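Novice: Using the hints provided, position chain V with the ligand relative to the given structure of chain W.
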Amino acid sequence: MKGLYLIAGYPDFETFSRAVEIAEAAGFDFIEVGIPFSDPVADGPFLTKAAQEAIKKGVSFERALDWMRSYKGSLKLYVMTYANVLWAMGLEKASKELEKVGVEGVIVADLPNSEHGFFKSNGFSLPLISFATPESRRKDIKELEKVNEGFIYFVSVRGTTGGRFNPDEETKEKILHLKNHCKVPVVLGFGISTKEDAEEALKLAHGFVIGTEAVRRLSSGIKDFESWCFEIGKV
Amino acid sequence: MKGFYGRYGGRFIPETLIPAVEELEEAFEAFKKDKEAQRELDELLKSYAGRPTPITYAKRMSEAYGFELYLKREDLLHTGAHKINNTLGQAMLTKFMGKRRIIAETGAGQHGVATATAAALLGLECVIYMGAVDAQRQAPNVKRMKLLGAEVRIVEEGSRTLKDAINAALKDWVTNVKTTHYLIGSVVGPHPFPEIVAYFQSVIGREARAHFEEKGFYPDAVVACVGGGSNAVGIFRGFVDLDVELIGVEAGGTGDNLGEHARTLGLGKPGILHGAFSYLLYDENGQVLPVHSVSAGLDYPGVGPEHAHLKDTGRVEYAYCRDEDALFAFKELSRLEGIIPALESSHALGFLLKHRERFEGKKVLVNLSGRGDKDLGIVLGGGL
Ligand SMILES: Cc1ncc(COP(=O)(O)O)c(C=O)c1O
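Residue numbers (numbering that gives the first Met the number 0), protein chains in the order written: chain W, 0 to 234; chain V, 0 to 383.
One or more of the hints may lead you astray.
[As the list claims (entries may be wrong)] Restraint ranges, calculated between C-beta atoms of paired labels, are given here:
id, chain 1, residue 1, chain 2, residue 2, range
1, W, Lys75, V, Glu39, 48 to 58 Å
2, W, Glu142, V, Lys330, 55 to 65 Å
3, W, Glu195, V, Glu150, 27 to 37 Å
4, V, Asp242, W, Arg137, 46 to 56 Å
5, V, Arg38, W, Arg137, 28 to 38 Å
[Claimed, not checked] No farther apart than 20 Å at their CA atoms in a straight line, the calculated lysine-lysine pairs in the PhoX-like style are these:
id, chain 1, residue 1, chain 2, residue 2
6, W, Lys92, V, Lys268
7, V, Lys1, W, Lys138
8, W, Lys99, W, Lys71
9, W, Lys119, V, Lys1
10, V, Lys177, W, Lys171
11, W, Lys233, W, Lys194
12, V, Lys353, V, Lys330
13, V, Lys32, V, Lys94
14, W, Lys138, V, Lys177
[Claimed, not checked] Computed, partial: chain W to chain V, Cβ under 8 Å:
id, residue
15, Asp38
16, Val40
17, Ala41
18, Thr47
19, Ala82
20, Trp86
21, Glu114
22, Thr132
Rather than coming from a laboratory, the hints here were simulated on the basis of the structure.
The model shown is predicted, which means the values in this text are computed figures rather than measured ones.
For glycine and all other residues, C-beta sits at the position ideal for the given N, C-alpha and C.
Pulled out of the complex, with its shape left as it was, chain V reads as follows:
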């Protein structure tokens, strides 16, 4: 069915937004066929964002842990995470539709920074919604967004994290839909957002695959962290048709009890939130449950519908990494490779380190979705 991945997806949004998502769908279809627009985006990705990103063989870490670790270096992109792949694309779509204002939610602040950046570059008005808890724990990114000319609106409702920032952005969108594009930051939300974001992020997988094809081999496994799931879908799409293990790593938080984790795919069940039917953490009355992760970008009770489908079909394995294992990996990669990873990406690494026996002698590609400068406060506060 159109707009669904298997049984997941759809458009569960107020009726007022339906014409806007249909307009977006049309613009996206036109954009994909427009050679000139494609060329322009490619040029921005290259000369502005810094694509293609390299793949680094992590020699010392590999030696220390007994596997062959390859890192897809999205942390080297302008603004420091994969988020810019999507924001440049969607900011171009915004102009395509003749809209002048963009709004976005942000958790870790990386998507907010990448959106503010694209808005500055293309001359668009920009408002970013961020939960109060996240604004505090990712404070450097709040300053960056402001410097880039965005207005940052702090959200005090609910759990004051990513989920609530999305609620606030949806409410803004319903109100200002005529002039505004909602630049969603992950493969979540109503159709066509999951597909648009996946399309713009799949450059990660395309580049990675080409790299390995040139080398004459493929990795045995590809590992990525999953918040909403955009960096994971982005890299998985490059390998999904190959005999390569795909592993998505969710935030295990401090444990499996209520409110201690954000293991949507691992411990949730199908439900409806933020425009899509997908896996969700909710109670017997349908109320969304509190979640926890040390990483603001993974601290979310929902997940993109494509992941729900990939889970059910068994093509992707969804695992988890606890806070402490992610913090350990954060420090290990810094110490052994001179690369400070984002706490989000540290979950993919932490999973690998925790399960080193399973990957012994194997070639593993990890999507290093972002850099960790923004996280120094949290990590050093916890005692390095």
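Okay, chain W solo, but in the shape it has when bound:
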């Protein structure tokens, strides 16, 4: 399971659409469509700045929804955003709208597993992706083994997006344990940027997702993005 995180409509909707086509051609399986939030506490400086630019250009839940409605490709779509963006739409409404445009699940960076109930009891019915982290304790891991929808998003570094992929031994053990005991795939995210990282990630887990590096490549030009994408896609 190879995925890219891209910010909807960044640097503009045309380039973004083109990038998704390239990702499909390069062999990726899914796209995390980022809906930007003004105060992204899980993001490093690069994605924070990119999100702010996207907001300034008018990217919103509605605009991202429009794009997904018109998307004709075959990549699976997930949405990645922050809690208040969905809350502001109305959780029930947001969930229904996303479901209608074919979104498989939602990754909410500031919604830990223990608050899924808050979203669900307020009418959010799409799968909420569960997180594992290097800090996950035995009891968290036991809970993750029961998850039966979406995938497990393993946040592989302590820190924000854009850090270095360099999991310590204890973290590697956690990833491998989850891979062998979970009902759903385990996908590594945060800090993966090179072909080598991607290869390492696929040894440990079922998949990976690249965010900061993908957005950075895209912002420096579609050609650069394309050659990088094909290199990673071969992994």
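Specialist: Frame of chain W, contents of chain V with the ligand only:
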């Protein structure tokens, strides 16, 4: 529900931080039961911070305005604001958990100074995040923090004020969670922070209530400014079960238009920011809105979840005070009582002066949450 005040509160933070807040919750529960730790904190509050603080009857101001004004003098505490009540408590919790490094956000700089002070006292490493706009308008406090041995990191992201300092501190925490405690400065953030800060600040209300009980009467109203809401919760908790009006005063800025104020409870709606579901100022797309206040400590689009609940239940009235009325009150209290209040606290006073008829003949207790030395630049710059 645990971790909620009515429907407000919760833990809306990255999963990586969940074990840390649970560890903190356990440490806090153990701390509350630990007689020795309690005694140690009480001793620090007394012999180091200067508790209990007095209640001053503001005679000349009362005569001039037709009410009976009592001031809870948190401005007399070491470092000059109520913030030290919380930082000493949380710095002790940090040691309790075996952590060595504390980080904090600051707006007015008072919480940063109080954190740096507690860190110096207890031998902890300390990093303070402060928005660039705030570092400029509260410059004396930046110097104080540095002198106290803290590293001050200036935040250039977003609106470069308190909100962005909290974002930066949360990002640091996610990265260094193993060694670091995030010493939040108000009743905001994920559970258990709002409860921890309220617990350490409720000493204000306890003392105030005991004072009035000794005198044989209660005030008719208790008024406090609300930024995140810690000095307000601190004093309100002493009176919440009594037939006493409780009034929280938000920053009215220059007007009610977008970006002119920080009236989170007055003009915001429920939303999710910085770990909690509470009132918030945001647009139809869920993006947090710009806010304004002449006071750096009140210049924040969110508010603690306990206040959201107290608003909905109607137990507390949330009012506002404009910049100019706060500046006026700042000067009035200085002139009439020889007390220079913080611009934050001046909002509570400014509200009172503006609505003097409503309080005619009434006994009003104002939480004077801090002193105003840090604000001379702003106030004198504006023409005293
Ligand atoms: C003196 C003083 N009062 C009040 C506040 C506002 O915070 P809170 O609402 O948490 O009391 C601050 C914050 O910086 C402050 O310095």
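Novice: Next, verify each hint and record whether it holds.
Specialist: Do the hints match the structure? See the list:
1. Lys75/W / Glu39/V: 48 to 58 Å: 56 Å, holds
2. Glu142/W / Lys330/V: 55 to 65 Å: 58 Å, holds
3. Glu195/W / Glu150/V: 27 to 37 Å: 35 Å, holds
4. Asp242/V / Arg137/W: 46 to 56 Å: Roughly 51 Å apart at Cβ, these two residues keep to the hinted range, so it holds.
5. Arg38/V / Arg137/W: 28 to 38 Å: 36 Å, holds
6. Lys92/W / Lys268/V: 18 Å, holds
7. Lys1/V / Lys138/W: It holds: about 19 Å lies between the C-alpha atoms, which stays within 20 Å.
8. Lys99/W / Lys71/W: Given that 20 Å is the threshold and the Cα spacing comes to 14 Å, the pair holds.
9. Lys119/W / Lys1/V: Holds, at about 17 Å.
10. Lys177/V / Lys171/W: 18 Å, holds
11. Lys233/W / Lys194/W: Holds, at roughly 9 Å.
12. Lys353/V / Lys330/V: Holds, at about 14 Å.
13. Lys32/V / Lys94/V: Holds, at about 16 Å.
14. Lys138/W / Lys177/V: Roughly 18 Å between the alpha carbons, so the hint for lysine 138/W and lysine 177/V holds.
15. Asp38: Constraint on aspartate 38/W satisfied, holds at 5 Å.
16. Val40: Holds - the Cβ of valine 40/W comes within 8 Å of chain V, reaching about 4 Å at its closest.
17. Ala41: With Cβ-Cβ at 5 Å, under 8 Å, it holds.
18. Thr47: 6 Å, holds
19. Ala82: Holds, about 4 Å.
20. Trp86: With a minimum Cβ separation of about 5 Å from chain V (threshold 8 Å), the hint on tryptophan 86/W holds.
21. Glu114: Holds - the Cβ of glutamate 114/W comes within 8 Å of chain V, reaching about 6 Å at its closest.
22. Thr132: At 4 Å from the nearest chain V Cβ, threonine 132/W passes the 8 Å test, so the hint holds.
Figure legend: structure checked against the earlier numbered hints; every hint is met.
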